[in-house]
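Engineer: Chain residues, written in single-letter form:
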Amino acid sequence: MTTTTEIEPMAATGLRAQLSEFWHYFSVNKGAVIGLWVFVALVLVALFAPLIAPHDPIEQVRDALLMPPAWAEKGDARFLLGTDAVGRDILSRLIFGARYSLFIGCVVVVVALSGGILIGLVAGFFGGWVDTVIMRVMDVILAFPSLLLALVLVAILGPGLTNAMIAIALVLQPHFARLTRAAVMAELPREYVMASRVAGAGKMRLMFRTILPNCLAPLIVQATLSFSGAILDAAALGFLGMGAQRPTPEWGTMLAEAREFILAAWWVVTFPGLAILITVLAINLMGDGLRDALDPKLKRS
Amino acid sequence: MFRFLLGKLAYLVPTFIGITIVAFGFVRVLPGDPVLLMAGERGLTPERHAELSAQLGFDRPIWQQYLDFLGRLFQGDFGTSLVTKKPVLTEFFTLFPATLELSLCAILLATAVGLPLGIFAAIRRGSWFDQVSMSSALVGYSMPIFWWGLLLIIFFSGVLGWTPVSGRISLMFYFPTVTGFMTIDSLLSGQDGAFTSALSHLILPTIVLATIPMAVIARQARSAMLEVLGEDYVRTARAKGLSAWRVVGLHALRNALIPVITTIGLQVGTLMGGAILTETIFSWPGIGKAMVDSISRRDYPSVQGGLLIIAALVMTVNLLVDLLYGLINPRIRHR
Numbered sequence: 000m001t002t003t004t005e006i007e008p009m010a011a012t013g014l015r016a017q018l019s020e021f022w023h024y025f026s027v028n029k030g031a032v033i034g035l036w037v038f039v040a041l042v043l044v045a046l047f048a049p050l051i052a053p054h055d056p057i058e059q060v061r062d063a064l065l066m067p068p069a070w071a072e073k074g075d076a077r078f079l080l081g082t083d084a085v086g087r088d089i090l091s092r093l094i095f096g097a098r099y100s101l102f103i104g105c106v107v108v109v110v111a112l113s114g115g116i117l118i119g120l121v122a123g124f125f126g127g128w129v130d131t132v133i134m135r136v137m138d139v140i141l142a143f144p145s146l147l148l149a150l151v152l153v154a155i156l157g158p159g160l161t162n163a164m165i166a167i168a169l170v171l172q173p174h175f176a177r178l179t180r181a182a183v184m185a186e187l188p189r190e191y192v193m194a195s196r197v198a199g200a201g202k203m204r205l206m207f208r209t210i211l212p213n214c215l216a217p218l219i220v221q222a223t224l225s226f227s228g229a230i231l232d233a234a235a236l237g238f239l240g241m242g243a244q245r246p247t248p249e250w251g252t253m254l255a256e257a258r259e260f261i262l263a264a265w266w267v268v269t270f271p272g273l274a275i276l277i278t279v280l281a282i283n284l285m286g287d288g289l290r291d292a293l294d295p296k297l298k299r300s
Numbered sequence: 000m001f002r003f004l005l006g007k008l009a010y011l012v013p014t015f016i017g018i019t020i021v022a023f024g025f026v027r028v029l030p031g032d033p034v035l036l037m038a039g040e041r042g043l044t045p046e047r048h049a050e051l052s053a054q055l056g057f058d059r060p061i062w063q064q065y066l067d068f069l070g071r072l073f074q075g076d077f078g079t080s081l082v083t084k085k086p087v088l089t090e091f092f093t094l095f096p097a098t099l100e101l102s103l104c105a106i107l108l109a110t111a112v113g114l115p116l117g118i119f120a121a122i123r124r125g126s127w128f129d130q131v132s133m134s135s136a137l138v139g140y141s142m143p144i145f146w147w148g149l150l151l152i153i154f155f156s157g158v159l160g161w162t163p164v165s166g167r168i169s170l171m172f173y174f175p176t177v178t179g180f181m182t183i184d185s186l187l188s189g190q191d192g193a194f195t196s197a198l199s200h201l202i203l204p205t206i207v208l209a210t211i212p213m214a215v216i217a218r219q220a221r222s223a224m225l226e227v228l229g230e231d232y233v234r235t236a237r238a239k240g241l242s243a244w245r246v247v248g249l250h251a252l253r254n255a256l257i258p259v260i261t262t263i264g265l266q267v268g269t270l271m272g273g274a275i276l277t278e279t280i281f282s283w284p285g286i287g288k289a290m291v292d293s294i295s296r297r298d299y300p301s302v303q304g305g306l307l308i309i310a311a312l313v314m315t316v317n318l319l320v321d322l323l324y325g326l327i328n329p330r331i332r333h334r
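Protein chains in written order, with numbering that gives the first Met the number 0: chain A, 0 to 300; chain B, 0 to 334.
So here's chain B without its partners, still in its complex pose (with noise of 0.2 Å):
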């Protein structure tokens, strides 16, 4: 196990290092003067020109720049917003609990629906509930979820008033982060009412963000299982008399899972992209919204930033997923 784990840390070491590299130079292919993009002031003299080009290292050869950007990055220095003044790495902290939030909700929720949607059209292949379920799962893989959000919005928000268009709760209410997560918080606070605000404004964007995993562990969940259902130990296991339940528990559902766990850890990718649009369509404050927004406004040092981090962050829950995966299936690990 721990050469495996040896094996996985050193395939991701080069990736990250690109991955740098891509950050580090994004800036430098900027169409424009890079100590403009990155100071975010106008109208220098030559004088402060050369002072912050000196200041951000922008006179020293490049490979030089490079290294002085990955040691500052291991300090944990990743660039200040030009429009907050603040570090990239505060900001990302206090936006990401709101993403972290939505997407967990969003995971549970689609593994909760996928994962028995699936299991269930597998046993019943070919029945009404077996088609029923699929077309939708390929109606949620192509869904455009940005217009999702928006006809749910007219639906629940416009037609019937149940829910809130934007945001995390309502305005009246103020108490303190504890989580950073919105539901436990106002429960912690105590106020009449917040629970459910910050519920309801929950519901839609993690519908939205749902969707497309879900199908994809829905699908993912009907192809794993139709494979055991085929295999000869389900069948000796039929064969002994065992009830159709207790095979598809016991024997069968345990070694399905394997591949669909793959799937729904390999989902964090889907769920980032998936929470810049959900975000921005519900005004959610957390990072997919503040990257769009930042490339809007051109704050390049928190564009940068904000990239580095949410891939570092997919890679190592991707890198997570591997180590899960051959903890639980030792065909893997002992390959």
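Next up, chain A with everything else stripped away, as it sits in the complex (with noise of 0.2 Å):
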């Protein structure tokens, strides 16, 4: 049995050595760089937005309403990718929507993970009554249909991003309890466990620093899922009026702006919701990978 005095001179070392073998896994899986790739440049692309936008997402141009993309016919070069319905920039919208997408899935999988781990532990770690009261409201939680359970508590709330992303948060985060309760029980009889038990290790020290860095691995994975699930749901939330508001650029209330103009003008409503596609795509793709490459009894899929 190693004791920790053996561990942690070797850590530095040790965590290079994970990295490079996490690293070695994730790249076999050509899709999983490709999104990290796009991943990355839309991360940049939400950073530096205001100096990569050529037009204020929020400033109407009077005498460009609905104006098709630069290379369309009637099209004009100073709008790329076209003008919408009062005449503010396409493009410069969906610069300035990526921040909000990739804040909401930041917020959410951070909320949601957070409250999970924390909800799983005590589960999972005290087991009995508290287990299955906690178990049960979790089982509640995913009876409904999460979109329906999200719509609904944005009625309660107040309709709104904030109030979406509380929502979603909430409706994703038995998903991560459940996982970490599943682990933790798996984990409870193993001998490292009791060894730190019997070393006079307290319930905190054993649930968040024995316990809880030997679960991570499927709560990452599960991580970025819901983190695709997340910018899905706020597209789909703002889609019906619930979430962000109005002008706000955000890519599921542009569509729904959009939708009195599918017939007349294609190009509002095809952008934006390629832009949700191309990253939810990147993060799923992202997601495989980092399954492959962190849980190998999981076969490839």
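Heads up, some of the hints might be wrong.
[To be verified] Where chain B lies over chain A, by a calculated footprint (3+ residues, C-beta under 8 Å):
| id | segment |
| --- | --- |
| 1 | 90-97 |
| 2 | 152-163 |
| 3 | 236-245 |
| 4 | 258-272 |
[As the list claims (entries may be wrong)] Quick list of simulated restraints, FRET-style, between CB atoms:
| id | chain 1 | residue 1 | chain 2 | residue 2 | range |
| --- | --- | --- | --- | --- | --- |
| 5 | B | Pro13 | A | Pro212 | 45 to 55 Å |
| 6 | A | Thr161 | B | Leu103 | 30 to 40 Å |
| 7 | B | Leu5 | A | Glu259 | 50 to 60 Å |
| 8 | B | Arg47 | A | Gln244 | 26 to 36 Å |
| 9 | A | Phe21 | B | Gly70 | 54 to 64 Å |
| 10 | B | Gly229 | A | Pro246 | 52 to 62 Å |
| 11 | B | Leu5 | A | Val39 | 52 to 62 Å |
[Said to hold, decoys possible] Pulled a few chain A residues facing chain B out of the computed Cβ check, cut under 7 Å:
| id | residue |
| --- | --- |
| 12 | Leu64 |
| 13 | Leu65 |
| 14 | Pro67 |
| 15 | Phe143 |
| 16 | Pro144 |
| 17 | Leu146 |
| 18 | Leu231 |
| 19 | Ile275 |
| 20 | Val279 |
| 21 | Asn283 |
Derived by calculation from the structure, the hints in this document are not laboratory data. On a predicted model such as this, the values are computed, not experimentally measured, just so you know. The beta-carbon is built from N, C-alpha and C at its ideal position, and this holds for glycine as well.
Take the two lone chains and join them into the complex the hints point to.
Structural biologist: Structure (structure tokens):
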């Protein structure tokens, strides 16, 4: 049995070795690498949006309403992807929209992940009636179709981006709680946990320092999936008028505004959805790669 | 098997109670006066307010209100819609066939395409067919379906003019409702062109709603098949000299299908979520669209009832899937 004093001096090189092993498995999956690059590009676009965007995302140019993309007939070189019904530059709105989508994904995942980990740790660690009550509550949340529950929660809290994020985080959280609980229950009977307990580790230390680091792999994979799920759900709520409100350049909200013009101006509908698809696809590609790299037990699929 | 069934049912009771608490609590945590929200009247006099409050039971202790609520549920009273003034349950039954017709068609399409796709991808692992179909599956899985629906409308209704934009059937046709399934009712009516019209209205929403389940089924079928193909008994069957198709068709497929059937069954939740978006885009008069409308019209009794019915429905189907799983896979039953 190894003791902590033996492990700690090796930690630095161990971490580096782990990372390079991880990268080795991750980079085998070409799709995952492509997804990663697209995602990095999106993050850069979001960070430097004010520098990249040719126009102000909510500036209305009165003489350029529903202008088609620059390469189309009657297109204008000033507006590469055309303008919407009130003369706003679609490209600039999409660039600023990247900020919202990535922000939504980050906030939702952080909230759902930390809440889920806490709840799952408590349920798995204490067991008994605490576990039963917690898991039944999670079952109740999972019994509702997630989009429906998010919609109703937003109806209670009032429409808006913040409330939409809270609702989505609440709906996604049980997945993390379940995963954490299952992982904790698998780790609890292991010898290293017993050793730590015998050595006098308190409950908190056992939960967060001893057990949690060994449960992280499935949680990271689930976090990636939830990241893309959150972006999709937030866009869906925006599309239904319950998420970000106009004139916010959020992609789902842009689609909601564009709906009336679908047969008259294809570009106002096509580009925001394409942006959502590319973002979600990139993240899901990364998620597949992460799963292969972190969890060799699961077969590649 | 009986014990298995009882165990599953016992497991569901607390969840069901939880669902009723959520639906009951929903109205009470809404900002604003619950009496005004549930009665849907404005400019009430204090007397009328007290009368309504007593009538709706809001003047009683909260636990008694909850028990009353449960009691009414068991009598089939899910409240009355503020907009149509009809019982929520009646409204549900008039709207549900539309959603059921759409969902059934969607899951059939998703299975008919996704299953063979996944199985062939597994058999020809690493081939261009595998790569193309799994890439498409990932795109389908990542698809914002509300946008996908709009794109299909632009192309098939706008550019080609093949399909109508919204609704279930052309307004030219009118016939009595028999099954509630527009395709079947139009056939029964015997009117020329009615069936074609119903079908052309159904195609695009079906494709949109089927997209995500199709991708999930294809991915699941592929990994289940790969797993089975690596098993010893498949190798034995191959070693005995059975033809490749016989090995796949007879030995591997049967076992690979077990997890896939569960996956198909568990898509009900996805379908209900997808129905909200699909029905909104295509103005399909089902419960998904009705829920969105009820929320935006602040018809809270309808939202409350709908929430309850949909969750109970999803739970029941999941239970049936569990039972089916126990039926086809004895290993689960005898645990």
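Engineer: Could you tell me which of the hints above the structure violates, numbers in ascending order?
Structural biologist: 1, 5, 12, 13 and 14
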